[in-house]
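Hints are included, so try docking the two chains, each in its own frame, into the full complex.
Residue-level listing of the chains:
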Amino acid sequence: MATTLFDKLWHEHEVMALSERESLLYIDRIFLHERTGSVALNSLLENNRVVRRRRHAFCTMDHIVDTLPGRSDDTLMPSGREFIVATRSAAHETGIQLFDIADKDQGIVHVISPELGIALPGLSLICPDSHTCTLGGLGALAWGVGSTEAEHALATSTLRVIKPRNMRVNFTGALGSGVTAKDLILYTIRSLSAAGGAGYAIEFVGPAIDALPVESRLTLCNMATELSAFTALIAPDQKVLDFCRGRRFAPEGSVWDQAAAHWQALRSDEGACFDAVRQIDTGSLKPQLSWGTSPQHCIDWDDSVPAVSDAPDEKSAMAWQRAQDYMGVTGGSQLSDYRLDAAFIGSCTNSRLSDLQLAASYLRRTGHRVAKGVKALCVPGSGQVKRAAEAEGLDDIFRSAGFEWREPGCSMCFFAGGESFGQGVRVASTTNRNFEGRQGLGVRTHIASPLTVVASACAGYLVADTSV
Amino acid sequence: MTPFTQHAGVAMPLRRGNIDTDTIIPSREMRTVSRSGLAAGLFAPWRYSDPDARSENPDFVFNQPAYRDASILLAGENFGCGSSREHAVWALLESGFRAIVAPSFATIFHNNAQRNGLLTVELADSAIDALTQWVSADPQCNTVRIDLDICTIAYDPHQAVLSFSIDATTRNMLLNGLDEIGLTEQSMDRIAAFEERDQPTRPWVYLEER
Ligand code: SF4
Chain W
1 MATTLFDKLW HEHEVMALSE RESLLYIDRI FLHERTGSVA LNSLLENNRV VRRRRHAFCT
61 MDHIVDTLPG RSDDTLMPSG REFIVATRSA AHETGIQLFD IADKDQGIVH VISPELGIAL
121 PGLSLICPDS HTCTLGGLGA LAWGVGSTEA EHALATSTLR VIKPRNMRVN FTGALGSGVT
181 AKDLILYTIR SLSAAGGAGY AIEFVGPAID ALPVESRLTL CNMATELSAF TALIAPDQKV
241 LDFCRGRRFA PEGSVWDQAA AHWQALRSDE GACFDAVRQI DTGSLKPQLS WGTSPQHCID
301 WDDSVPAVSD APDEKSAMAW QRAQDYMGVT GGSQLSDYRL DAAFIGSCTN SRLSDLQLAA
361 SYLRRTGHRV AKGVKALCVP GSGQVKRAAE AEGLDDIFRS AGFEWREPGC SMCFFAGGES
421 FGQGVRVAST TNRNFEGRQG LGVRTHIASP LTVVASACAG YLVADTSV
Chain E
1 MTPFTQHAGV AMPLRRGNID TDTIIPSREM RTVSRSGLAA GLFAPWRYSD PDARSENPDF
61 VFNQPAYRDA SILLAGENFG CGSSREHAVW ALLESGFRAI VAPSFATIFH NNAQRNGLLT
121 VELADSAIDA LTQWVSADPQ CNTVRIDLDI CTIAYDPHQA VLSFSIDATT RNMLLNGLDE
181 IGLTEQSMDR IAAFEERDQP TRPWVYLEER
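So the protein lines, in turn, are chains W and E. Under our numbering, residues 1 to 468 are what the first sequence spells out, in order. Under our numbering, residues 1 to 210 are what the second sequence spells out, in order.
Excised from the complex, chain E in its bound form (with noise of 0.2 angstroms):
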């Protein structure tokens, strides 16, 4: 996994409410059993006027040429929400996102993107309706940065660097860039252990081996 300690690039608003991951990646998009191979599915349903035919829509923000190399992208309450699928996360990455900024994300898309080194950061909708204001003005001069050390987002330097909160575990798997299962190997024998205590009273739990 990726380290995220700071980056700096442009950000893409995309306020919608309840981006669900269908959206993000739908299902058709995700055609091999593999990680890869996912960022033309990006946002598909939005972005193309024909998905068969990959035409775009101009209108729809990624699109348009001040956004297309954006790294960091400005959503609406409750983004992920929907389908499990890590691929909403596989798929953001490979398109060159490594932070998303929002007023809240949904549990299970916050936990895949920690895994793969994609910060989420909560912030109050009305700091996320400044910054989209301030980016929107020039998005490729106006870039933002994020700094996981001191957990701010600097950007408009007339205005006071922004403060975010994030948990600790979380804040450090990304700053070293943890392989979760590696952290948890090394607690073997606390897991044997458990399994031994927990047997005598849940002996049903146990499958034999058969």
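If we strip away everything but chain W, and leave its shape as in the complex, we get (with noise of 0.2 angstroms):
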């Protein structure tokens, strides 16, 4: 029978079935972090449990740890140094392997796990995050759980999880240039809702996909928790299998051969049948921006905010009116009428090395700088991606733009009462939630694609780049 690549994937780590529509899953690898999996892996001690497979689990300090230079375990978060040292203790104690703050490998848990090659095709990946549908950008079959989830699977190396639905969303025609991944999952979630992936694991297929590089479809994959899909997977190519090869933790010599060779096989089979099919054309699609609170309130980059009395019904109305209010501002304005406070490069989304290069070359094609008044960060998602930037002179490029340029990490994507931006502030944001208070009391973040972001930043104002 003709299959879905997520039912092979499903099927593939089955232990057994539990009931009709539940099964007991083997997990291949848990990624924790000190926000969320320090509790998991506290609760498990507590329990008096182990780890099951220790060299099948990781932990990184990205969250609560600083990202300003000369950073140590006490944080601008206060109590923060209490999760930091708490991680710490508890992953020396189970003996997983644990990327501390000071680690050359160090950085957000979804950037550096497909860089170690600790996500790969195939693998079954669960990790106390909603963003770790990222990882479908490789193929493998990873969603964010909860602590008691994580506490689960690092017990029992397993976990029972109710089967999703499948949809396939096809893209039709190309992107155009100036286009990234962040404004098509933009542009996706806008047009399928906040709700429209609920109860689907989705597969992400066309044209525009094949021609994405590996890293713009883990920032495709990374918003599938928008869509609060179960999550996204893009079947791998050789793009991905060279992307893979080499790295830390994937295998070598004839086991790569073997993994290779199993890895080119998963895909859809034709003529498998999806629950559900959305079709999105691509071929003009323009930069997207938000203008609310919600990643479902985006458009494209010169349109105007939507009045409130043009939404389709009571409650949209309501929200919108909300939306408005927080974010100050009004329907039929432009995005571009708002000075902009603050700009920030960085995130699971958009941190990685491309993501860099791509700010970093409008920089150095239009010389312009960060304008005046406007506060200008932008965060590497990795001690690599750092590296990486340094040896090209990006990060020479950034400072002298006026940017600052900071250790790898979370950092301001989230506030978790250390630093930010500070009330009323309007951010341009490359990261993946604008909801209220996402980046501090009373920020108002507009999500956007880091082209976007780096033009904004030396406009002063909310703009696409329209010079490529």
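No wet-lab data here; the hints were simulated from the structure. Each residue gets a CB set at the ideal place from its N, CA and C atoms; glycine is no exception. Treat the hints with care, since some could be wrong.
[What the hints assert, rightly or not] Each pair of labels, with its calculated beta carbon distance range:
(1) 467/W / 206/E: 44 to 54 angstroms
(2) 279/W / 190/E: 40 to 50 angstroms
(3) 206/E / 265/W: 14 to 24 angstroms
(4) 404/W / 137/E: 46 to 56 angstroms
(5) 247/W / 1/E: 13 to 23 angstroms
[To be verified] Over the 10 angstroms line for every Cβ pair with chain E, so calculated as not near, a few chain W residues:
(6) 191
(7) 205
(8) 304
(9) 371
(10) 375
(11) 391
(12) 433
(13) 466
(14) 468
Set out below in structure tokens:
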């Protein structure tokens, strides 16, 4: 029978069926971080359990640790030190591999797991973090869980999972120049809605996907959680194999050959049946910008903010009104009408080398500097990204244009009580969430691609790069 | 885990769609490596006009005397979207909530809830609208009763009870307050057998102890 890629992976990991819809799935890799992983590890220890396969579990410090140079266990977030110390001691006690603050491979969990070959095509991987779906970009079966589920996986190498349905999203047409995977996923969320993927595992297909570099696929799948999807997947191709080869935890020699052959077969069969199919035309796609407080509140960068009176129903009208009040924007205006206060390049969505190269190329090409009064930050996703960027001189380009150049981590992608932009500050951000207060109390986040963020930082207002 | 069989209590309407876990419990309210001490941070961005000073926003429903002891939340679609933080569930439980009724839930939130004995009930938007209307008329008197044994919600004595459907496994876990890890541990031999047959096919999965 013709089978979908997701169903193949599901079947491959099924230890046993538990009921008609629920299975016990084998979990190949577990990744933890100090924010929610610490809770799972502590609880495991309190319950006198051990990590069943400690070589399959990894941990990083990314969420709470500062990204300022000279950082230590002390953090700007009050009580952050407690998380860091507790995570370190639990990692040591359980014997799992920790990428600690000073480790050369430390970084944002979803950036370092592909980088280190911990995430590989076809592997099942869980992390107590909703953006674990990022790794679907390699063809991994990866999804976010809670701390209790993470503890379950640590103790048993398995999870009890209710099977989601299959959705295929088919992108027709190629991406225009200056249009990135970030624009593609924002447009997809805008089209399908923030709940549009609920209950589904999504497979992204189409010529636009085939053409995407691997890092862009990670960006695309990163925001599947903003569709409320179980996860997203892209079938691994030669590009992905080339990307994975030689990574620290990837197989070598004859085992590599065996793995590569196995991975090449990971694709949906011709005629496989999906429970839902969506078509998205990408040919005329423009850079996207969010205007509101849900990732579905997106428009083409040069469109007007929608008027509340145009909302499809009463509930949306109320939501739009709230969002516009919070964001300090009004229906009918253009986003370029508002003064920008800050710009943030970073996060598990857009902090890989290609993202930094894209933003830096804008600075190099135009010679523009960050506009007066705009606070601009560039936070590489990992130690590896940072070193590679520095080897190309990107740090100098960012610094001389007026950007701060930081140590790797989540940084101001989210607000944990420490560093923030400040009440009412308008930020162009390459992150994935524009929720109220996500980047700090009263902070107004506009999500966009690295290219749009850097162009906006230099303009002093929200604008796409039209020079390409 | 506390089992869930029946529960009756005050229902609090908060009918916005896409209420995310950052709003249910902001990151800055998760101050320790612990599952407790979270109640005061529940809905902090909406509940307080100044979260640091804890000055209450009187307009927020949870601050109104009639809803202070609410134990059932009537919400909007895609409740619990966003971050996977289980703290959202722990904060709700610690604040006295036993059940959330919404047109739909984000998957991770739903899974977290079930593993902690917090019932999530999916009902049609229009049914929750009617429920909201009835509850709002007199929140303290017009209490709602949920029975997981027979999967019903009873409210207005003049109305027929509402039936809901719930996955059989989830229902069983909740009714019996089962510890999933303990349950899975009974299948350890099956897991070992899986590994034995899987290892030759996918040797790269099994990293050496070194
Ligand atoms: S970068 Fe942001 S979204 Fe990604 S894992 Fe860190 S906090 Fe979460």
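The hints, checked one at a time:
1. 467/W / 206/E: 44 to 54 angstroms: Holds: the Cβ-Cβ distance is about 51 angstroms, inside 44 to 54 angstroms.
2. 279/W / 190/E: 40 to 50 angstroms: Holds, since residue 279/W and residue 190/E (Cβ atoms, about 41 angstroms apart) stay within the stated range.
3. 206/E / 265/W: 14 to 24 angstroms: Holds - the Cβ-Cβ distance for residue 206/E and residue 265/W, about 20 angstroms, lies within 14 to 24 angstroms.
4. 404/W / 137/E: 46 to 56 angstroms: Taking Cβ atoms as reference, residue 404/W and residue 137/E lie about 55 angstroms apart, which means the hint holds.
5. 247/W / 1/E: 13 to 23 angstroms: 39 angstroms, violated
6. 191: 16 angstroms, holds
7. 205: Correct as stated: the minimum Cβ-Cβ distance to chain E is 22 angstroms, above 10 angstroms.
8. 304: 23 angstroms, holds
9. 371: 29 angstroms, holds
10. 375: 20 angstroms, holds
11. 391: Fine: 29 angstroms to the nearest Cβ keeps residue 391/W off the interface.
12. 433: 6 angstroms, violated
13. 466: Non-interface label stands for residue 466/W: nearest chain E Cβ at 32 angstroms, farther than 10 angstroms.
14. 468: 33 angstroms, holds
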